[in-house]
Amino acid sequence: MSEDEFRGAMARLAAGVVLVTAHDEEDGPHGAPAGMTATAFMSVSLDPPLVLVSVRTGSRIDELLERQPLWAASLLAEGERTIAGRFAMKGRLSDKLLFQEVPHTLGRITGAPLLTGALATVECRTEQRVAAGDHTLVVARVLSVGLPAVEGGPLTYYKGRYRHLA
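Just so you know, the sequence shown maps onto residues 1 to 166 in UniProt numbering.
Be careful, since some hints might not be right.
Here are the computed lysine to aspartate or glutamate pairs in the DMTMM-like style, where the Cα-Cα straight-line distance is at most 25 Å [stated by the list, open to error]: (1) K159 <-> E63; (2) K159 <-> E26; (3) K159 <-> E5.
Cβ pair distances, simulated, as ranges [to be verified]: (4) G8 <-> L106: 37 to 47 Å; (5) E151 <-> G8: 30 to 40 Å; (6) T105 <-> M10: 15 to 25 Å; (7) F6 <-> T105: 34 to 44 Å; (8) A9 <-> L97: 20 to 30 Å; (9) S2 <-> S45: 29 to 39 Å; (10) E66 <-> F6: 22 to 32 Å; (11) A9 <-> S144: 14 to 24 Å; (12) Q100 <-> S144: 21 to 31 Å.
Rather than coming from a laboratory, the hints here were simulated on the basis of the structure. Just so you know, even glycine gets a beta-carbon here, dropped at the ideal spot from N, CA and C.
Turn these sequences into a full structure, and let the hints steer you where they fit.
Pasting the structure below:
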């Protein structure tokens, strides 16, 4: 099996899209927000409430989540395709500039940005990090959830493109 064949198979698995965020206290005198689009995010357990996100090992968000145990995820709505794309781009603008254009509030527990238009938000504390190939699996306890009244369905990722449910 080639890498392209494996990628092709995994591209046929539809996934929800989330924006993983954290407050980077080491970035300047007051810190700065950081964020990354993720499609490998899932519920792990109800008791205790646990979630898992897979991040590329050595990425900015991986390094941040290694030193900052508090973070958040915003489950993106179908109208947030542009936001997902902006935070997924390599070599993008600084996170500070990106967040200036994205409606958000700061999490009460984590201080991490929570998108105003998200279907749901979760604030988390890392409990375990597991090396897995070229990624790190971050397992976290959910400390709080937000369920804003947002119309529409979820943003999904399928065959290399952002989509919405029909």
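Checklist entry - Which earlier hints turn out false for this structure, listed by number in ascending order? => result Failing hints, ascending: 1, 2, 6, 8 and 11.
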